[in-house]
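Chain B: place on chain A using the hints.
Sequence lines, in order, name chains A and B.
Under the working numbering, the first residue of the first sequence carries the number 1, and numbering increases by one thereafter.
Under the working numbering, the first residue of the second sequence carries the number 1, and numbering increases by one thereafter.
Note that these hints are calculated values from the structure, not bench results.
The structure presented is a predicted model; accordingly, all values stated were derived computationally and were not measured.
Yeah, the Cβ is synthetic: ideal placement off N, Cα and C, and Gly gets one too.
Hints are supplied without guarantee of correctness; some may be wrong.
What the hints assert, rightly or not - To be clear about the criterion: a stretch of chain B counts as covered by chain A if any three or more of its residues have a C-beta under 8 Å from a C-beta of chain A, and this derived list gives those stretches: (1) 38-45; (2) 217-224.
Said to hold, decoys possible - Below 27 Å or equal to it, Euclidean Cα-Cα: the simulated BS3-like pairs (lysine-lysine) are: (3) 145(B) / 31(B); (4) 112(B) / 101(B); (5) 118(A) / 112(B); (6) 15(A) / 112(B); (7) 8(B) / 31(B); (8) 31(B) / 5(B); (9) 101(B) / 15(A); (10) 195(B) / 15(A); (11) 15(A) / 59(A).
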Amino acid sequence: MADTMQFELVSPERKLASGQAVSVLIPGADGDLTAMPDHAPVVTTLRPGILVVEMDGGKQEFAVTGGFAQVTAEGATVLADEAMPKAEVSSDVIQERISAAQEARDNAQGAERDDAEKRMADLAALLDAMV
Amino acid sequence: MPNLKDLKTRIDSVKSTRKITQAMQMVAAAKLRRAEEAAGAARPYAEQFNAVMAGLAGSVGEGGPKLLAGTGSDQVHLLVVMTSERGLCGGFNTNIVKLAKARAKKLLAEGKTLKILTVGKKGREQLRREYADYLVGHVDLSDVKNVGYINAQDIAADILSRFDGGEFDVATIYFSQFESVISQVPTELQIIPAKFEDAEGDAASTVFDYEPGEEEILRELLPRGVATQIFAALLENGASEQGARMSAMDNATRNAGEMIDKLTIQFNRTRQAVITNELIEIISGAEAL
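Isolated chain B, as found in the complex:
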């Protein structure tokens, strides 16, 4: 039977754990709202951008720049795995990594060459166990408080310089799409060669004048498209991370509460048992006289 002092210590420790998880949940809730706002604010740009690019890509057709048409081979694949810098957010990182691993396995089975670029410490730690030989780079965002477009541009510049150097043929990003607090969907998105969803109606059918030329514009816009997609992914990831952390901490708080209840009952029973024991001793002592 555990003694009373041990039980008391345990209850106190679980209580302080609950305080911490509760605080983390509230912090995550506040950060989530901000992250959602940021993601919402960035959406119009991404949508407009895609609409314009779809029109452009449609009119250029075959034989465009490499970023659009590809290198003509799909031997070397670069997986850009975007995860968080901090843990304690449930299955958020694991889910993204799991999706990337499934793809990596498939690619290796097909005999393709695999390269992995990680963004965020947590994904790197998980991938290092199995795919350490394929990791080609890492982007550290742990010092960045609020992800800005500039961060996305840096990542895009890194990827593009690798592409220009002929290091890979196809690039795919892995991130988590934010749906709601309880649902974040791990997503893969091919960014090089670029794919644009066909815009409906007007945009596609209108014939635009291009100033300067079509090719110059495409050459300038395609790298920007990479940055835009990465930025959108970073923001979705930010919101997803906070959402995942919020529900993970909510669960943790609830579990801690249940544990405290259980331990308290045990504590009370033990205390009662001690009292009863003492009484029995006194009474039997008195009777023996």
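With the rest of the complex left out, here is chain A:
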């Protein structure tokens, strides 16, 4: 069994991380999952949360606000809507997202309202995790 796998974290605007990783903790929409080498192929959407990568050089943490991830036996690719190294994120940024989600919730109805509600809760959880 291979010890490491190819890991890529990209956002639409740039590539944030790439390299050999031992494990990747992905905040999936239906719950966290940890991808390790030889993981079964899976595609999942992301909820706002913290993504933890264990690489040769130690652990790296990124805050993501959504997107999706593709995991195969050979690697994990995370395509985030927005991603930043955790250290660079200020709580103001998250707060802004929460207000945006709140606004979206107030304007939405039915299932969309539920989605926005969930997004708000996830963002709030992300904010807690930051502190």
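The following block gives chain B in isolation, referenced to the frame of chain A:
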């Protein structure tokens, strides 16, 4: 014969024009480098995205969501024409508009309904002359300094709400693909219904688990795909615009230089003619005495 003062004024004015075009060329060169970097940085995302989507689309097959399978008709076409906000960039805008016009003409000849959404002021100005009745909307990016994903999302949201409202069946975007400073290729790309190039090898043949379900993922990803493609197009356009401007300004600078040389020769000749004339007058005056 033009007098010396007029010539001097003209030479000065062409010289200041040359200074401006030269400055614009250098600014474009600097902006081009940044635009190219931005386009390069966005490429991995688009590539990965396409690979995943190709896999998904392949496994869903027929009867998927409307964004993928289409509405079952191709009567109403929406052309999204993406051009720049500023001129002085050679044939950049004209080339994109020309391609869109050719398509528009063909569609109208086939009896289809045509709708045009413009992004960027320059394309709108050109299309308004002939296709004013078909313009359904306009996205203004003149206040945006650096195009971000958020701008693409806004445009995508606009297009998607029109699609959900049943305003059109097929959407095609028009932009310029950046190849090099001297070559930008006007390109058309159909974004709705989505088309994905088949990924080779592994990605297509691997069977993935989908979490949550396949359909939920597709429903979430397809709108994102529209935004991603628009974002890529915006960035390509940005680089193309600067490239086109750079070569246009380079030409303008060179032309101004040639003109200055020509005018300077004319100026010197005229000055010499005036001197010779004066001499002749003096000499003939002296001889007459």
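How the hints compare with the structure:
Closer than 8 Å: that is the beta-carbon criterion, and the segment 38-45 of chain B has 5 residues meeting it against chain A, so the requirement of 3 holds. Given a C-beta distance limit of less than 8 Å, the hint that chain A covers the segment 217-224 of chain B holds, as 4 residues qualify and 3 suffice. Restraint check for residue 145(B) and residue 31(B): satisfied, since their Cα atoms lie roughly 11 Å apart, inside the 27 Å limit. Taking the CA atoms of residue 112(B) and residue 101(B), the gap is near 14 Å; set against the 27 Å cutoff, the hint holds.
Simply put, residue 118(A) and residue 112(B) have alpha-carbon atoms about 42 Å apart, too far for the 27 Å limit, and the pair is violated. Proposed proximity of residue 15(A) and residue 112(B) is contradicted: the alpha carbons are some 42 Å apart, above 27 Å. Distance restraint check for residue 8(B) and residue 31(B): the Cα-Cα separation of roughly 35 Å exceeds the 27 Å cut-off, and the hinted pair is therefore not satisfied. Taking the CA atoms of residue 31(B) and residue 5(B), the gap is about 39 Å. The hint is violated against a cut of 27 Å.
For the suggested pair residue 101(B) and residue 15(A), the alpha carbons sit about 37 Å apart, so the restraint of at most 27 Å is broken. In summary, the hint linking residue 195(B) to residue 15(A) is supported, as the alpha carbons are separated by about 25 Å, within the 27 Å threshold. A distance of roughly 18 Å separates the Cα atoms of residue 15(A) and residue 59(A); the hinted pair therefore holds under the 27 Å criterion.
Violated hints for the displayed structure, listed by number in ascending order: 5, 6, 7, 8 and 9.
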